[in-house]
Amino acid sequence: MPEAQTTSAEEREFQRLIDADQRIEPRDWMPEAYRKTLVRQISQHAHSEIIGMQPEGNWISRAPSLKRKAILMAKVQDEAGHGLYLYSAAQTLGTDRDTMFDQLITGKARYSSIFSYLTPTWADMGSIGWLVDGAAICNQVPLCRVSYGPYGRAMTRICKEESFHQRQGFEILLQLMRGSAAQQRMAKESVDRWYAPALMMFGPPDDESPNSRQSMDWKIKRFSNDDLRQRFVDMLVPQAEVLGITLPDPDLRWNEERGHYDFGELDWSEFHEVLAGRGQANSVRVSRRRRAHEDGAWVREAARAYADAQAAPERIAS
Amino acid sequence: MIPKTKNVNPATVTAESIAKSAVVAPAGVASYALGLGDDALILAQRLGEWIASAPELEEDVALANIALDLLGHARSLLTYAGSATGVTEDDLAYFRDEPEFTNRQIFEQPNGDFAQTIARQLVVSVYFAELYRALSGSADPTLAAIAAKASKEVDYHFDHSYQWLLRLGLGTELSHERMQRGLDAVWPFVDELFRADGAQADVAVDPARLRARFDSTVPPLIEEAGLTIPTVQPARGGGRQGVHSEALGPLLAEMQVLARAHPGAKW
Ligand SMILES: [Fe+2]
Ligand SMILES: [Fe+2]
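Just so you know, the protein sequences line up as chains C and R, in that order.
The numbering of the first sequence is our numbering, which starts it at 590 and goes up by one.
The numbering of the second sequence is our numbering, which starts it at -15 and goes up by one.
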């Protein structure tokens, strides 16, 4: 009897904090489902940052100028940093990083399907920055106000860097569009490939997204998939005009009545193919990280052994 | 007589600031800066290979950090070197062939395993730290500024490699063995770092003078980590004269491929 009462008092307090737009902190009581959903969401986001290092890492060695090489290296390094902040945020919910990382490298956890696409050209560094980091910003800026404190604070830090990334990507494309005919072709071909997958980063249409309602109520998702997608398209169109690039959608036009751009149907069968593990690079992304982890096991083991020996009270003099 | 030149602020010196300042490196200084720039560039390119493949995420970040610092040094040095003949850092990095690269051979060696990378980092970080400390007193104000800025950064690089030397040397039997093998693999290339390269005495640092500092610093660290100072024959070297091991060609082919496919393009 007392237990049921306490639980409901806790629940009421939890709901009061959520309703008042206040933050839930690690020591606060929270429903198990809230905790589980958050761990899944934050760790998936962390995994995406880590796997996302690879498609761009692919061009570090071949970047066509030293300035671009430095910017790209710094960007990929930022993404590793984002992964680390997010794993720390998820750890405050009681799941340790090794467990989450293990789920990633054993293929049990999801990461954003966008990183299962390949980067055959340098212009893809521009498209990823402009479109993929751009979509990430639309997704993530509202998450700075997410109900769970450590997650919101991690997102605030991350969003600042993502906006640099987007601008740098835009600059790569702008430079290509101002360059030779071959460079312009490279830019256009790349944007053609990345545009639709970037729009799909917001997830399936609202009527096919069953988990969204509860997440909205908990304020761990602040806008619906379709709302975010619309914002993204509205942001892209004027930027594409500056670039002089036509976005690959014949149905894209301004709708005076709605005050938004209308856009065409996306090919969701492609999205589901990638989700099902049949994207261009699903198998190589996870196995590369797994190989790095396995090849480095002896290094981590040595670091642990050394730390233990340092901490041991009776250290035997060597 | 060298005309009295303005000091350059180490806090703000970058490839861009050097390019904008329209400073022109005297010929002897330019070839010296070119060698140092090539050293830093080739090592940055090598360390970049670790990104997204390191033993743990923290090392992806740390090795990228070190590579970025080195790339920054390379860009400043190459920009300055290029000022003598009116070419850019990118002209030098992307449009020279292998025999025109003047990096010493230790920098182009393949990464090997993590222990070998750490062994090379230990050696070159001590070398860079001593070099840049001395060079920050150079009579050439641009070189002095680049060196003063780099000096602070390579101190951190040294610390990173030293911590790993201890962890691997004293960690497990396997890591100890690999760390020793890493040192053994790198050691033949140490000697070349300290060979005279005929640079002008008041602007450059005589590498033979750095040798004494290296010899008093590094062996005790290796012993502290329970490892043995390798006794191997030195490699023949010749990097400063454009003589390279088989490792450099493929590295350059990869680095230069896109830039060379679009000569004259801006990126
Ligand atoms: Fe990120
Ligand atoms: Fe990013």
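Don't read these hints as lab results, they were simulated from the structure.
None of the values given here were measured: they were computed from a predicted structure.
C-beta: ideal position from N, C-alpha, C; glycine also.
Be aware that one or more of the hints could be misleading.
[To be verified] With a straight-line cut-off of 25 Å between C-alpha atoms, the simulated BS3-like cross-links for lysine-lysine are: (1) R/K250 <-> R/K4; (2) R/K(-10) <-> R/K4; (3) C/K749 <-> C/K656; (4) C/K697 <-> C/K625; (5) C/K697 <-> R/K250; (6) C/K656 <-> R/K250; (7) C/K777 <-> C/K656; (8) R/K136 <-> C/K656; (9) C/K777 <-> R/K250; (10) R/K136 <-> R/K250.
[Claimed, not checked] To list a few chain R residues with every Cβ distance to chain C over 10 Å, as calculated: (11) V7; (12) A14; (13) A38; (14) E43; (15) A48; (16) G121; (17) L150; (18) R162; (19) R165; (20) A185; (21) R195; (22) R197; (23) L205; (24) I213.
[To be verified] Incomplete in silico selection of chain R near chain C, CB under 10 Å: (25) A(-5); (26) A(-1); (27) L25; (28) S37; (29) P39; (30) E137; (31) D181; (32) G182.
Please write out, lowest number first, the hints stated earlier that are contradicted by the structure.
5, 10, 13, 14, 15, 17, 18, 25, 30, 31, 32
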